[in-house]
Amino acid sequence: DGGITQSPKYLFRKEGQNVTLSCEQNLNHDAMYWYRQDPGQGLRLIYYSQIVNDFQKGDIAEGYSVSREKKESFPLTVTSAQKNPTAFYLCASSMWGLADQPQHFGDGTRLSIL
Amino acid sequence: AQTVTQSQPEMSVQEAETVTLSCTYDTSESDYYLFWYKQPPSRQMILVIRQEAYKQQNATENRFSVNFQKAAKSFSLKISDSQLGDAAMYFCAYRMNRDDKIIFGKGTRLHILP
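If you read the sequences in order, they're chains Z and G.
Under the working numbering, think of the first position of the first sequence as 132, with each following residue one higher.
Under the working numbering, think of the first position of the second sequence as 288, with each following residue one higher.
Treat the hints as calculated values from the structure; they're not laboratory data.
The hints are all genuine.
When the alpha-carbon atoms are kept at most 16 Å apart in a straight line, the in silico EDC-like pairs for lysine to aspartate or glutamate are as follows:
#1 G/LYS388 / Z/ASP185
#2 G/LYS388 / Z/ASP190
#3 Z/LYS201 / Z/ASP185
#4 G/LYS388 / Z/ASP161
From chain G, some residues computed to sit far from chain Z (all C-beta separations above 10 Å):
#5 SER317
#6 PRO328
#7 ALA359
#8 LYS360
#9 HIS398
#10 ILE399
From the three backbone atoms N, C-alpha and C, an ideal C-beta is built for every residue, glycine too.
Whenever a hint applies, use it, and build me the whole structure from the sequences.
Shown next, in the form of structure tokens:
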């Protein structure tokens with residue numbers, strides 16, 4: 132079955148440490164997205180990518196970095212510059228240029244500070 | 288900039304009754320798409336229903352229907368015959384036709400009372 136796989140499900144970060152969240156999809160989607168979810172804040176866009184080797188900042192990109200070396204993969208690195216990283220992170224994908232198509236989501240990664 | 292507003296942070300409804308969740312949005316565009324997503328306690332995001340702005344007919348999916356008022360920029364979700372499995376966070380979302388970004392509201396938590 133096609134879908135989006137996020138790993139790990141739970142992740143702990145020490146002060147000053149960078150951590151990377153994995154997102155893989157086998158839906159042959161062009162566009163991939165990272166969202167951060169905090170209580171009462173809904174989903175806020177961190178980064179998105181429409182094509183391999185290209186990505187754009189979303190609304191809250193500071194303290195995060197991404198790469199898109201393969202169509203199937205869009206890892207998110209939470210750097211030490213992100214001072215409040217504790218949140219639920221969702222990865223999504225969709226067909227590029229087909230706005231009527233919904234985004235498909237992974238099951239999320241919960242990141243906490245040790 | 289486009290915004291999506293869900294004015295009801297929480298709602299409750301008796302099982303088997305009907306409930307309406309509100310959503311308003313702000314845009315100067317005429318061609319766009321609107322979505323309702325459901326996020327149950329498992330945190331998985333599930334598409335409930337979608338509406339194309341150029342279609343006047345309100346979308347319907349089984350017990351779920353929308354009241355789309357384009358001039359008023361309103362997109363409410365009606366759930367008929369509420370079931371315990373409908374308990375979840377519901378997010379309203381907007382996507383412009385020429386953009387791959389989706390803008391989410393902050394969500395409404397729906398409780399189903401047995």
